[in-house]
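Spelled out from the first residue to the last, the chains are:
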Amino acid sequence: MANLTSMSGPPTQDMQGRGGVGGGGLTGKRAYPQYPNQTPMSGPPLPGQMAGQPQPAGSQPGPTAGVPNDTYGQQRPQQIPNAQSYAQSPNQYENSLSGGMGKLNIQQGDTRPLNLLQNRHVLPSTPVEPPKPNLSPEYRKLVCNPDIFRTTLTSIPQTQQLLNKSKLPLGILIHPFKDLTHLPVIQSSVIVRCRSCRTYINPFVQFVDHRRWKCNLCYRINDLPDEFNFDPVTRTYGEPQRRPEIKSSTIEFIAPSEYMLRPPQPATYLFMFDVCFNAVESGYLSVACQVLLEELDKLPGDARTMIGFVTFDSTLHFYNLQEGLSRPSMMVVSDIDDIFLPCPNDLLVNLQESKELIQELLTQLPSMFSGNKETQSALGPALQSALKLMSPIGGRVTVFQSSLPSHGPGTLKSREDMSQRTNSKDIPNLGPATDFYKKMSLDCSAQQISVDLFLFANNYIDIASLSCVSKFSGGCVNYYPAFHTVRTPAEVERFENDFRRYLTRKIGFEAVMRIRCTKGLSIHTFHGNFFVRSTDLLSLPNINPDAGFAMQMSIEDSLNDSPLACFQAALLYTSSKGERRIRVHTLCLPVTNQLSEVYAGADTQGIVSLLSRMAVDRTLTATIVDARDALVNVCIDSLSAFKTTLSSGQAGVGLIGPNSLRLLPLYTLAMLKCTAFKLSSSVRLDERVFAMDMLKYHPMIYTMLMIHPTLYPVHELSDEGAISHDDQTIPQPPILSLSSEHLFKNGAYLMDRGDALYLYINREVSPNFIQSVFDVPDFQSIGEPMHELPELDNAVSDRLRNFIQYLEEKRPFHAPLHVIREDSRMRILFLRHLVEDRSESVMSYYEFLQHLQKEVGK
Amino acid sequence: MAFTFAAFCYLLAMILSAVLIFFAIYHIIAFDELKTDYKNPIDQCNSLNPLVLPEYIIHIFFTVLFLFAGQIGTVALNVPLIAYNVYRYVNRPVMSQPGLYDPTTIMNADVLSRCMREGWIKLAFFLLSFFYYLYSMIYVLVSSTS
Chain R
1 MANLTSMSGP PTQDMQGRGG VGGGGLTGKR AYPQYPNQTP MSGPPLPGQM
51 AGQPQPAGSQ PGPTAGVPND TYGQQRPQQI PNAQSYAQSP NQYENSLSGG
101 MGKLNIQQGD TRPLNLLQNR HVLPSTPVEP PKPNLSPEYR KLVCNPDIFR
151 TTLTSIPQTQ QLLNKSKLPL GILIHPFKDL THLPVIQSSV IVRCRSCRTY
201 INPFVQFVDH RRWKCNLCYR INDLPDEFNF DPVTRTYGEP QRRPEIKSST
251 IEFIAPSEYM LRPPQPATYL FMFDVCFNAV ESGYLSVACQ VLLEELDKLP
301 GDARTMIGFV TFDSTLHFYN LQEGLSRPSM MVVSDIDDIF LPCPNDLLVN
351 LQESKELIQE LLTQLPSMFS GNKETQSALG PALQSALKLM SPIGGRVTVF
401 QSSLPSHGPG TLKSREDMSQ RTNSKDIPNL GPATDFYKKM SLDCSAQQIS
451 VDLFLFANNY IDIASLSCVS KFSGGCVNYY PAFHTVRTPA EVERFENDFR
501 RYLTRKIGFE AVMRIRCTKG LSIHTFHGNF FVRSTDLLSL PNINPDAGFA
551 MQMSIEDSLN DSPLACFQAA LLYTSSKGER RIRVHTLCLP VTNQLSEVYA
601 GADTQGIVSL LSRMAVDRTL TATIVDARDA LVNVCIDSLS AFKTTLSSGQ
651 AGVGLIGPNS LRLLPLYTLA MLKCTAFKLS SSVRLDERVF AMDMLKYHPM
701 IYTMLMIHPT LYPVHELSDE GAISHDDQTI PQPPILSLSS EHLFKNGAYL
751 MDRGDALYLY INREVSPNFI QSVFDVPDFQ SIGEPMHELP ELDNAVSDRL
801 RNFIQYLEEK RPFHAPLHVI REDSRMRILF LRHLVEDRSE SVMSYYEFLQ
851 HLQKEVGK
Chain H
859 MAFTFAAFCY LLAMILSAVL IFFAIYHIIA FDELKTDYKN PIDQCNSLNP
909 LVLPEYIIHI FFTVLFLFAG QIGTVALNVP LIAYNVYRYV NRPVMSQPGL
959 YDPTTIMNAD VLSRCMREGW IKLAFFLLSF FYYLYSMIYV LVSSTS
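Top to bottom, those sequences are chains R and H. Residue numbers for the first sequence follow this note's numbering, beginning at 1 and rising by one. Residue numbers for the second sequence follow this note's numbering, beginning at 859 and rising by one.
Heads up, a few of these hints could be off.
[Unchecked claim] With beta-carbon atoms standing in for the labels, derived distance ranges:
{"hint": "1", "chain 1": "R", "residue 1": "SER414", "chain 2": "H", "residue 2": "SER971", "range": "34 to 42 Å"}
{"hint": "2", "chain 1": "H", "residue 1": "LYS893", "chain 2": "R", "residue 2": "LYS298", "range": "39 to 47 Å"}
{"hint": "3", "chain 1": "H", "residue 1": "TYR947", "chain 2": "R", "residue 2": "LYS388", "range": "51 to 59 Å"}
{"hint": "4", "chain 1": "H", "residue 1": "TRP978", "chain 2": "R", "residue 2": "GLU493", "range": "28 to 36 Å"}
{"hint": "5", "chain 1": "R", "residue 1": "LYS298", "chain 2": "H", "residue 2": "SER971", "range": "41 to 49 Å"}
{"hint": "6", "chain 1": "R", "residue 1": "THR621", "chain 2": "H", "residue 2": "TRP978", "range": "49 to 57 Å"}
{"hint": "7", "chain 1": "R", "residue 1": "ASN633", "chain 2": "H", "residue 2": "LEU925", "range": "51 to 59 Å"}
{"hint": "8", "chain 1": "R", "residue 1": "HIS210", "chain 2": "H", "residue 2": "LEU985", "range": "52 to 60 Å"}
{"hint": "9", "chain 1": "H", "residue 1": "LYS893", "chain 2": "R", "residue 2": "PRO563", "range": "53 to 61 Å"}
{"hint": "10", "chain 1": "H", "residue 1": "TYR947", "chain 2": "R", "residue 2": "GLN241", "range": "55 to 63 Å"}
{"hint": "11", "chain 1": "R", "residue 1": "PRO428", "chain 2": "H", "residue 2": "LYS893", "range": "29 to 37 Å"}
Keep in mind that the hints were calculated from the coordinates and are not lab data. Think of the CB as a built atom: it goes at the ideal place given N, C-alpha and C, for glycine as much as any other residue.
With the rest of the complex left out, here is chain R (with noise of 0.2 Å):
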């Protein structure tokens, strides 16, 4: 067992802007002048109003102002255990030396080289925490949280012969609308911006005089107005320091008049059911209509909020809900080659003010179609009809689908061969069908309408060519294979939560983002569910709390200037309370033109991250072996670009790495190995091409889920090293590898994928901790299937059911519990996931870094 000294402090810094008079709130219909996009600001200036105020994620109540986030001050409460250690006591278990945290030091333990061969177990047992970018201690203090905003390289190297000698890809991750609890947000009536690349101004800016700054994305040198220093807690001009946009790099500002294109939209929402037989069969409607009637009021928004509901099976129908009326009345419409839009103006109604006859609606839609045997279903011309209706206004766009649409525009045919899947030289049909989706959702993306998908499927529903809808409007994608009330409990569960969360959440409207950098650097691809407008313009119709994104870079001039380059990314968009805001994030890394220090600074998540993307687009542009193979490749490259640094005396027998890419192989292995790669033929084409989706659309610790799940023993749970969260002490047991080695066979073991928790049993655990856990006897009387762990009151039970709980708090998709015994059908659920394990003929991590040795010698 770990005996790790827990490091719990208080935050290093304070993110609490100034408490001061809050901004007037700009709801209401107010009609503003039109001005185009961030046009320079006009008007003379007025004393600054300054309200810095803590807000809570999202300006709504709701579970998620409950869930706790690592904050950016928060330091995590354990220590990073120190480099050498690994090298000395290659032992999984072990204590961390004290000391490395928070030292310059541990830049040179990065680039000590390692022997992977000799030292296999190079996980640590506690999360894997990102480098820290060798900055002066001031400017170390305002970095971003690497949650929000990372590179993958966080010493940058100063030209792109240095970025290609390293053999590494230089991108940046990004996940701009995570729930914070911590926000700084700012009324002011100028914001202070770059005349010539209009880069707001942020901590890492240079104060010239009192008077200017300079830029420290182009080097211009900017005026400051006079109200920047003023005060207005103190009521004098003092150092522009003080103000709340130099003192973090996370901001939020209410953005005035001229940052709007048009008045800010009202919050609307239109859910499309699917109610044909396969859909109806399956029961998502009761769920889902039990769970819209339960958070109605949550939604985010305010009084103008407006809601409609569109049902279709082979024809569609629309729901009048005006006011007035005494119930809600439907109308049909069967001509799906022409849509046209029955009363307008009545489908999409004010949510407070029809509430009664939504709500009446809600109640009756799931009896309504209950013996529905229609199975054509109408997806496209639905599609058609939202976009007619939703023009004006735009919004978001839920759609529930079952099966393949067959009838009308936009049908598609069922393109799984069943009996081809042995083949393994190519996966074909991973690609969109037809490009109708595609030109849907960019129509939809012009109208600032984004569609999300739900898709319930016992068979084939060809996600490739649907997803293209929400890929490029900034919706999500939402798959449950197999759903049933009755025979799938657990995805009904995941579906339950993850629609709660989904309607709850935080949303932005009309929304754009632009990332800018350095002089001398450039986006070059960009990776997420957004349209690119620009070369550095993404249009979001709506932006929510989990989307995240990721951006390759090519350094186009050295980076001789400065020895800092910054990356900022500014997000506009209308908030549901119909505030235009802008939120800005800024990172600043150093610039080196040494190769070690370039490796010393490697993030190995952030660059498995951005590799399983590119791996993911060269997949759909080649083969899905050419990707495997790129991936291998770089590996290989990296390490065999890291032996040309070493003097010759370093460089030995073995497989050398740096200690900072020490876990690179042991990522890649569980890449290839992952469900969107896998050349396996039990892995489904629906499945695999949602795992690619979301590789590209979760921010980066959900695809490192994804990638490699954690594992941790749980049958000797203890208090030692245990955190205190919300009165209640949660465990931390250590992180195991992902091997059978570790596995004891009287160990009961929780393995975390991200989307589901996995309880695996062995047979010989103790009795005593299967009574505890599970009130039972013995091994064989632990039913299955299970889902949730009884609630004993015992200190047994309560630890385990904590810790479970605090993992499933911290994500917002839903991760049910499945309990898996060792001689249950299920177990191969569990030991597919044991990637350092030889499996179906692919290679087990040592042969893996045999091979590498192999490659990287020649």
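Following the hints, position chain H against chain R.
Same frame as chain R, but now just chain H:
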């Protein structure tokens, strides 16, 4: 000077390659507008896509004419470009209308630079072939008398 069929082909090809030069210039300007954020990718692709097939058809048309006129050298000069065009068109992104450019992928710096390069190379090729057809036409006209 007898006005043979070959001379007529060269004359026609000269005129048509002038048209193709204009197409190539239009492509280059369009991609440059995309790079400098002057235009929306959707609008730009909608204006570029209808020009792709006509360009290929014109090129194939006068190459076939040269085949009939017996000018094998000229045909051999144009065949690689035809092969490349066919390859490009077969591997185009999934779309229901004719065309090569997809607004969602065109803003990738790799794709954009590849298209720019293609535009410049085609411009150079058509310019050179314009002058080649001019000289060949005069040669054919002169040599057909003697």
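Quick one: are H:TYR947 and R:GLN241 within 55 to 63 Å, going by C-beta?
holds (59 Å)
I want to verify a distance hint. Is the separation of the beta carbons of H:TRP978 and R:GLU493 within 28 to 36 Å?
Taking Cβ atoms as reference, H:TRP978 and R:GLU493 lie about 58 Å apart, which means the hint is violated.
R:LYS298 versus H:SER971 beta-carbon gap, inside 41 to 49 Å or not:
holds (48 Å)
Within 51 to 59 Å: is that where the Cβ-Cβ distance between H:TYR947 and R:LYS388 falls?
Violated - the Cβ-Cβ distance for H:TYR947 and R:LYS388, about 34 Å, lies outside 51 to 59 Å.
Has the hinted range 49 to 57 Å been met by the Cβ atoms of R:THR621 and H:TRP978?
Given about 23 Å between the Cβ atoms, the range is violated.
A range of 39 to 47 Å was offered for this pair. Does it hold for the Cβ distance of H:LYS893 and R:LYS298?
For R:LYS298 against H:LYS893, whose Cβ atoms are near 45 Å apart, the range 39 to 47 Å holds.
Do the Cβ positions of R:SER414 and H:SER971 conform to the proposed distance bound of 34 to 42 Å?
holds (38 Å)
Using the beta carbons of H:LYS893 and R:PRO563, state whether their distance is inside 53 to 61 Å or not.
violated (30 Å)
Do the beta carbons of R:HIS210 and H:LEU985 sit within 52 to 60 Å of each other?
Distance hint for R:HIS210, H:LEU985 holds at roughly 59 Å.
Starting from the range 29 to 37 Å, see whether the pair R:PRO428 and H:LYS893 falls in it by beta-carbon distance.
Given about 34 Å between the Cβ atoms, the range holds.
Hint check for H:LEU925 and R:ASN633 - Cβ pair distance inside 51 to 59 Å:
For R:ASN633 and H:LEU925 the Cβ distance comes to about 45 Å; the hint is violated.
Hints 3, 4, 6, 7 and 9, counting from the list given before, are not met by this structure.
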